[in-house]
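Turn these sequences into a full structure, and let the hints guide you.
If you read the sequences in order, they're chains A and B.
Take 13 as the starting number for the first sequence in the working numbering and just add one per residue.
Take 13 as the starting number for the second sequence in the working numbering and just add one per residue.
None of these hints come from the bench; they were simulated from the model.
These numbers come from a predicted model, not from an experiment.
Ideal Cβ positions, reconstructed from N, Cα and C, are used throughout, including at glycine.
Do not take every clue at face value.
Listed next, the in silico DSSO-like pairs over lysine-lysine satisfying Cα-Cα at most 27 Å (straight line) [unchecked claim]: (1) A/Lys84 with A/Lys167; (2) A/Lys286 with B/Lys167; (3) B/Lys46 with B/Lys167; (4) B/Lys286 with A/Lys286; (5) A/Lys286 with B/Lys46; (6) B/Lys84 with B/Lys54; (7) B/Lys286 with A/Lys167; (8) A/Lys46 with B/Lys286.
DEER-style ranges, computed between Cβ atoms [as the list claims (entries may be wrong)]: (9) A/Arg213 with B/Ala290: 45 to 53 Å; (10) A/Phe267 with B/Gly321: 49 to 57 Å; (11) B/Arg111 with A/Gly321: 46 to 54 Å; (12) B/Ser260 with A/Ser114: 52 to 60 Å; (13) B/Arg111 with A/Asp209: 28 to 36 Å; (14) A/Asp295 with B/Arg210: 50 to 58 Å; (15) A/Pro50 with B/Met13: 58 to 66 Å; (16) B/Ser114 with A/Ala249: 48 to 56 Å; (17) A/Gln239 with B/Arg210: 46 to 54 Å; (18) A/Arg80 with B/Gln318: 40 to 48 Å; (19) A/Gly266 with B/Glu226: 20 to 28 Å; (20) A/Gly53 with B/Ser260: 54 to 62 Å; (21) B/Ser40 with A/Met82: 52 to 60 Å; (22) B/Ala290 with A/Met82: 29 to 37 Å.
2 protein chains.
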Amino acid sequence: MSLAEQVLSGDIRAAARMMRDIDDNRPSAIDELKLLYPHTGKAYIIGITGPPGAGKSTLVDQLTATFRRMGKKVGVVAIDPTSPFTGGAILGDRIRMNRHASDEGVFIRSLATRGALGGLSRSTSDVALVMDALGMEIIIIETVGVGQDEVDIVKTAHTTCVVMVPGLGDDIQAIKAGILEIGDVFVVNKADRDGADRTARELITMLEMRHVPEEIWNPSVLKTEAQRGKGIEELTAEILAHRDYLFSSGAISGFLRERNERHFVDILRDSLFKRALAFMERDNTLFRVVDGMASGGIDPYTAAEQVIGEMVRDNPPP
Amino acid sequence: MSLAEQVLSGDIRAAARMMRDIDDNRPSAIDELKLLYPHTGKAYIIGITGPPGAGKSTLVDQLTATFRRMGKKVGVVAIDPTSPFTGGAILGDRIRMNRHASDEGVFIRSLATRGALGGLSRSTSDVALVMDALGMEIIIIETVGVGQDEVDIVKTAHTTCVVMVPGLGDDIQAIKAGILEIGDVFVVNKADRDGADRTARELITMLEMRHVPEEIWNPSVLKTEAQRGKGIEELTAEILAHRDYLFSSGAISGFLRERNERHFVDILRDSLFKRALAFMERDNTLFRVVDGMASGGIDPYTAAEQVIGEMVRDNPPP
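In structure tokens, the structure reads:
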């Protein structure tokens, strides 16, 4: 039985092995993903994003518990831009999801760093695909929503929850986070802290400034205290309401088109780049270029054009 | 006179136009960058990174003022992952650097979003190159140091300052930031706040855990109150001490090699990807693939292989 078939039969260890193969950039991983692909697309993906310290992990933990009580299998992909020498990702996982450790209906995976060759956005899609094929019905992707990469990642989700927190800094800092336009649901977590109402009001005002037509989904702003489980029920209901909107309005098809395009383009970009690296290895091009840049004889723009000129056909067959 | 020659003669408006051309992905921008390239490499680049709310903008403002007093021309590249509908980048700029607005020795540029085709890391390198050619002696790159992209960007800097702030969340959140290993100088800003000493001690402990050999640079942890200008002098001295270390130890050559390699590879990846997009436009490949993914007849892995197979030569000339 192929690894893909094992995953499709619900074999958790096979899924873990396949994710390792993806991480290690094994060519076999691509073949297995091709086999899985036609059997995916069933999972509902929820993105949780927001600045550090907003309590996203606790919120993910609470949502996981809630969906488990509804009988759903839950996959969690946590994007951790972690320091290699502290081992934070593993530590975080253990503390975070301890109570789900022995639950076979929960599958947790941390993506600690972007691989040398693959983009983080592409790895996340691939890992979510494996979870989907494994039978996870809800997949939660948690990412620190500040970087552009991380904002892109969360676009894979059907429903994106943007988590804010009171007292993060002044207004400009909040605006800067650059994540307002990607939220389907907004959460002010740690709502017992000073300034929670003000943060919520500011979010509402900024959202109103957008003048979204009535028939389009209008995001709500909810308050939660994830540590004490407060507001989780309302948040879950709002996520499900957004799911209903996506399907009943037909917006789902446009969403899937965009997501498919992004996924394909990510794969194309990564694979092309790998080909270029392999191509350059034939005659040590990378070393020669970097040497030439140091001595001043070569500029990187011309060098890139030369490599591409040698590598790419000018007149491809139609 | 070419745009590049105008920039080299110190023409600020020409530099601004060239940066717009880079943003707009004009092919002419590459030609101009090629002309500039041999005249660059003089500027000293300082990276400022850290989580939102750490007060990085104020710190950059203070450092700018300090280097101006030393008679240095200062360029600032602020990476703002900004919401398109709030216009935060512009707002941020105005508030932030108001007092330098009329100073011809200061050139400020915000990179608000990653272009559709180019990576943020590559745009930052290109913009820094133009500032360097324009005669800026110090270039400060400010980025929110949480995302992987943003961490990569700051590696362009000779000296990277990681800015932390007390009370950002619990220890795990701090570890997660994933920016410890890239700091040459660590700053605990807003040092008048509760917990500043604790944050500083934690940083020192984590840095000591690395067991760096004595002859290698050992980062210090400094406390600042950027709003009131406290600690800025010490920070400047530490940055200059790191610069002295780089040059006197010879570490500068390894650093430049890595930076050149990253810059070349970024350009290569972006240019290849642009070629692929142009290639696919010939027969509407992107549309057909996304359509096929929706109907279930095509998987993105196979589709990418096919495009690359048609596009890339198998047996390039040696």
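Structure-based check of all given hints:
| no. | hint | verdict |
| --- | --- | --- |
| 1 | A/Lys84 with A/Lys167 | 22 Å, holds |
| 2 | A/Lys286 with B/Lys167 | 22 Å, holds |
| 3 | B/Lys46 with B/Lys167 | 22 Å, holds |
| 4 | B/Lys286 with A/Lys286 | 15 Å, holds |
| 5 | A/Lys286 with B/Lys46 | 25 Å, holds |
| 6 | B/Lys84 with B/Lys54 | 12 Å, holds |
| 7 | B/Lys286 with A/Lys167 | 22 Å, holds |
| 8 | A/Lys46 with B/Lys286 | 25 Å, holds |
| 9 | A/Arg213 with B/Ala290: 45 to 53 Å | 47 Å, holds |
| 10 | A/Phe267 with B/Gly321: 49 to 57 Å | 30 Å, violated |
| 11 | B/Arg111 with A/Gly321: 46 to 54 Å | 48 Å, holds |
| 12 | B/Ser260 with A/Ser114: 52 to 60 Å | 56 Å, holds |
| 13 | B/Arg111 with A/Asp209: 28 to 36 Å | 34 Å, holds |
| 14 | A/Asp295 with B/Arg210: 50 to 58 Å | 54 Å, holds |
| 15 | A/Pro50 with B/Met13: 58 to 66 Å | 59 Å, holds |
| 16 | B/Ser114 with A/Ala249: 48 to 56 Å | 54 Å, holds |
| 17 | A/Gln239 with B/Arg210: 46 to 54 Å | 21 Å, violated |
| 18 | A/Arg80 with B/Gln318: 40 to 48 Å | 41 Å, holds |
| 19 | A/Gly266 with B/Glu226: 20 to 28 Å | 59 Å, violated |
| 20 | A/Gly53 with B/Ser260: 54 to 62 Å | 59 Å, holds |
| 21 | B/Ser40 with A/Met82: 52 to 60 Å | 57 Å, holds |
| 22 | B/Ala290 with A/Met82: 29 to 37 Å | 48 Å, violated |
Violated hints, listed in ascending order, are 10, 17, 19, 22; each of the other numbered hints is respected by the structure.
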